[in-house]
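2 protein chains.
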Amino acid sequence: MKHWLLIVATVLLALPAAAEVSQTSVPGADTPTIQPDRSITFKLKAPEARTVQVAGGDGLGAGPFNMNRGTDGVWTVTTPPAVPGFHYYWFLLDGVRVNDPASRTYMGYGIETSGVEVPEPGADYYALRNVPHGTVREQWYFSKSTKQWRHALVYTPPGYDEHPRTRYPVLLLQHGSGEDETGWTRQGKAQFILDNLIAAGKTVPMIVVMDRGYASSELSLSTLDKLRKSFGAFEEVVIHELIPTIDAAYRTLPDREHRAMAGLSMGGMQTLFITLHHPEYFAYIASLSGPVLPDMRGARDIDQGFRDPFDSQKAFEGAFADAAGFNRQFKLLWLGVGTQEPEVFRDSIGRAVHSLQSAGVHLVYFESPGTAHEWQTWRRDLNNLAPRLFH
Amino acid sequence: MKHWLLIVATVLLALPAAAEVSQTSVPGADTPTIQPDRSITFKLKAPEARTVQVAGGDGLGAGPFNMNRGTDGVWTVTTPPAVPGFHYYWFLLDGVRVNDPASRTYMGYGIETSGVEVPEPGADYYALRNVPHGTVREQWYFSKSTKQWRHALVYTPPGYDEHPRTRYPVLLLQHGSGEDETGWTRQGKAQFILDNLIAAGKTVPMIVVMDRGYASSELSLSTLDKLRKSFGAFEEVVIHELIPTIDAAYRTLPDREHRAMAGLSMGGMQTLFITLHHPEYFAYIASLSGPVLPDMRGARDIDQGFRDPFDSQKAFEGAFADAAGFNRQFKLLWLGVGTQEPEVFRDSIGRAVHSLQSAGVHLVYFESPGTAHEWQTWRRDLNNLAPRLFH
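Here the protein sequences come in this chain order: X and D.
As numbered in my numbering, residues 1 to 391 make up the first sequence, in order.
As numbered in my numbering, residues 1 to 391 make up the second sequence, in order.
Take the hints with a grain of salt, since some may be wrong.
Claimed, not checked - Quick list of in silico lysine to any residue cross-link-like pairs, SDA-like style, CA-CA up to 20 Å:
(1) D:144 - D:216
(2) X:147 - D:23
(3) X:45 - D:129
(4) D:144 - X:127
(5) X:147 - D:130
(6) D:43 - D:33
(7) D:147 - X:132
(8) X:144 - D:130
(9) D:43 - D:23
(10) D:45 - X:97
(11) X:144 - D:129
(12) X:45 - D:53
(13) X:229 - D:27
(14) X:147 - D:20
(15) D:226 - D:158
What the hints assert, rightly or not - To be clear about the criterion: a stretch of chain D counts as covered by chain X if any three or more of its residues have a C-beta under 8 Å from a C-beta of chain X, and this derived list gives those stretches:
(16) 21 to 29
(17) 82 to 95
(18) 104 to 112
(19) 131 to 141
(20) 293 to 307
Calculated directly from the structure, the hints in this document are not laboratory data.
Since we're looking at a predicted model, the values are computed, not measured.
In this text, a Cβ means the ideal position worked out from N, Cα and C, and glycines have one as well.
Between the sequences and the hints, there should be enough to build the whole structure, so can you do that?
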């Protein structure tokens with residue numbers, strides 16, 4: 001009898017009986033709504049508009065989708081079933097990209113952008129649950145190299161304030177291009193993923209530092225040279241400003257054995273760039289959906305760099321040339337990608353994984369089934385990665 | 001010679017020589033720009049639009065302002081000199097209210113809204129300066145009365161982590177209607193105001209708790225009865241959930257002599273409502289631009305309530321009837337308003353101030369010269385109020 005109740009309860013939880021308003025909507029909003037089959041209904045009142053479309057992240061479907069005008073001046077459309085997770089979206093109102101007034105906004109594509117959250121049946125690892133919660137804190141610090149005040153977010157684990165003599169390992173966790181330091185908590189729910197893993201005893205309590213991944217005034221990153229210069233400016237900040245700031249302001253274990261760096265997409269590229277330059281600072285490395293650029297010199301397009309062959313002897317200035325030495329030095333190399341990501345990502349990461357494994361480099365490779373170059377991939381990545389850190 | 005340099009430097013700092021991009025814009029944006037005379041130039045690319053206007057908060061000017069289409073499809077307008085400070089704004093694109101893609105967004109009017117920051121010459125009390133910084137922390141807590149997870153922001157003063165045996169007084173600080181718990185830090189710069197005051201030795205280090213001022217599912221607050229019910233739900237949260245949560249999670253001095261409540265507009269109304277019901281919890285009370293509702297019973301419109309006469313004997317169920325007793329019990333009653341606020345605010349607050357002072361109730365009345373029902377008024381208010389707390 002109890003089993004039967006449990007099964008019914010599980011099914012009820014897994015399949016919402018009716019359309020529900022997205023968790024990303026502002027209080028009181030009745031749109032967008034997600035149907036039980038994960039199709040999404042969007043709505044915008046624009047009586048004078050001639051055309052209204054909705055478009056968004058890959059997981060939303062092909063798009064843009066034409067919306068239809070009702071007699072009340074409200075335009076609506078129901079898009080095909082979406083991939084679970086968080087998707088950026090926007091309206092094209094007579095061709096102008098605008099946000100949905102019903103949605104909270106999230107930093108993506110370099111601007112504030114609407115978002116919709118499609119529940120994944122049975123997945124509660126990123127939910128706000130009744131477990132002890134860590135705290136996300138704002139950290140301002142003055143950066144001499146960029147002559148700017150910089151803003152980072154810092155997760156301290158449950159118990160941090162209650163145990164003022166305990167010191168913790170540190171994970172630096174970076175967002176992707178066009179996003180900022182708020183991405184991992186607002187879109188990624190990193191704080192809840194860590195809370196839930198720590199409560200389940202699957203992950204050691206750690207401090208997570210989410211910094212803003214831009215440090216260069218050079219905005220165009222079209223060539224490998226420009227990208228390397230931009231990453232170099234961020235490397236300077238991370239090594240000589242961010243890490244000392246965090247080690248001074250928080251009770252860290254300030255050595256390489258207790259420091260990890262991870263990042264998604266551009267943040268994954270930055271992670272490989274910075275950690276492989278500074279093995280004295282990091283023992284754990286993770287690149288989440290980060291195209292692997294084995295050689296960042298020259299004025300070639302970045303897209304060409306993504307297609308470079310990966311030679312484990314020469315890549316990253318020879319960082320992997322001595323596989324046995326690399327395996328002794330680093331406790332973890334973690335690479336991941338979603339199966340629905342664009343081919344250029346999957347190919348670049350796949351080539352690196354194949355070449356490194358063939359050369360005897362130890363690594364963990366994680367594929368997120370059915371998810372795109374979007375946050376559901378990176379939530380799953382963090383959930384897989386965090387338990388492997390600091391053992 | 002040195003004096004002369006100083007004067008020139010001051011003038012140069014006070015009068016920007018050229019238009020500057022608003023501090024509220026996203027990185028890389030070149031708009032909106034503020035001219036030295038505080039006029040603001042707005043810009044939006046919308047080649048197919050038929051009309052584009054810009055409108056916003058009172059301090060921006062009358063508006064909406066018609067924008068003019070250039071041959072490149074970019075619409076522009078320069079609005080009249082604005083009041084210094086933070087102003088919400090939006091475009092009307094063929095009649096639809098949309099955000100400026102160049103702007104960060106801020107929770108105002110119940111939706112994410114663009115904002116522009118007009119510098120006030122010589123005012124650096126809310127600037128991010130090279131002084132010790134406190135930390136803003138996210139606090140989640142489960143509310144039994146509303147059956148929801150609630151989200152508050154908590155400022156801990158500089159030195160909080162370094163002195164794990166020190167306990168601090170607490171200021172509860174509330175936003176206005178249509179805003180949320182992020183308003184006081186993102187729009188108000190409360191954390192920098194406190195940092196600067198504490199660094200100057202003008203204010204005692206304190207914890208500042210900024211909660212979300214909504215606790216009722218009743219969204220319509222059109223009548224006094226409905227408003228009272230909504231405020232009552234928030235009162236229940238503040239007294240029986242928020243205060244115990246904060247006293248458990250932070251090193252507070254958990255008595256009335258070390259607890260203050262302040263709020264702006266709706267938050268000021270909530271402050272009077274809650275503190276006057278619970279003198280056992282609060283010794284300091286401040287209402288910033290909060291219309292004073294002496295009697296919240298009945299089905300009358302709120303606007304009518306704003307125009308009620310203030311009888312110091314009967315108002316707030318007789319809380320002020322014994323002036324000498326009130327003066328002994330409370331260490332501070334603080335009321336403020338901006339001189340450019342709408343008449344209904346100034347009249348309501350002015351009547352209460354006059355009546356209370358005539359009856360012998362001690363209070364501090366602060367007028368912000370030249371500012372509207374906007375954040376520059378409330379920044380000045382906090383800068384005036386905080387030094388008066390906890391002596």
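**OP:** Could you grab the alpha-carbon distance between residue 144 of chain D and residue 216 of chain D and see if it respects the 20 Å cut-off?
**Re:** Measuring from Cα to Cα gives roughly 13 Å; hence the hint holds.
**OP:** Assess, step by step, whether the Cα of residue 226 of chain D is no farther than 20 Å from the Cα of residue 158 of chain D, and give holds or violated.
**Re:** violated (41 Å)
Subject >> 20 Å Cα cutoff - pair residue 43 of chain D, residue 33 of chain D >> reply: Given pair residue 43 of chain D, residue 33 of chain D holds - Cα atoms ~9 Å apart, limit 20 Å.
Original post:
Are the Cα atoms of residue 45 of chain X and residue 53 of chain D separated by 20 Å or less?
Top reply: Since the Cα atoms of residue 45 of chain X and residue 53 of chain D sit roughly 18 Å apart, the hinted pair holds (cutoff 20 Å).
Original post:
Are the Cα atoms of residue 147 of chain X and residue 130 of chain D separated by 20 Å or less?
Top reply: holds (12 Å)
Original post:
CA of residue 144 of chain D to CA of residue 127 of chain X, is that 20 Å or under?
Top reply: It holds: about 18 Å lies between the C-alpha atoms, which stays within 20 Å.
Subject >> 8 Å C-beta test of the stretch 104 to 112 of chain D against chain X, three or more residues >> reply: Holds: 6 residues of the stretch 104 to 112 of chain D have a Cβ under 8 Å from chain X.
Original post:
Within 20 Å, alpha carbon to alpha carbon, are residue 229 of chain X and residue 27 of chain D?
Top reply: holds (18 Å)
Subject >> Coverage of the stretch 21 to 29 of chain D by chain X (three or more Cβ within 8 Å) >> reply: Our answer is that it holds, as 3 residues pass the Cβ test (under 8 Å) against chain X, meeting three.
Original post:
Going straight from one Cα to the other, do residue 147 of chain X and residue 20 of chain D come out at no more than 20 Å?
Top reply: holds (18 Å)
Original post:
Are there three or more residues in the stretch 293 to 307 of chain D whose C-beta lies within less than 8 Å of some C-beta in chain X?
Top reply: Our answer is that it is violated, as 0 residues pass the Cβ test (under 8 Å) against chain X, missing three.
**OP:** Given the hint that residue 43 of chain D pairs with residue 23 of chain D, test it: the Cα-Cα distance must not exceed 20 Å.
**Re:** holds (16 Å)
The earlier numbered hints that this structure contradicts are 3, 15, 20.
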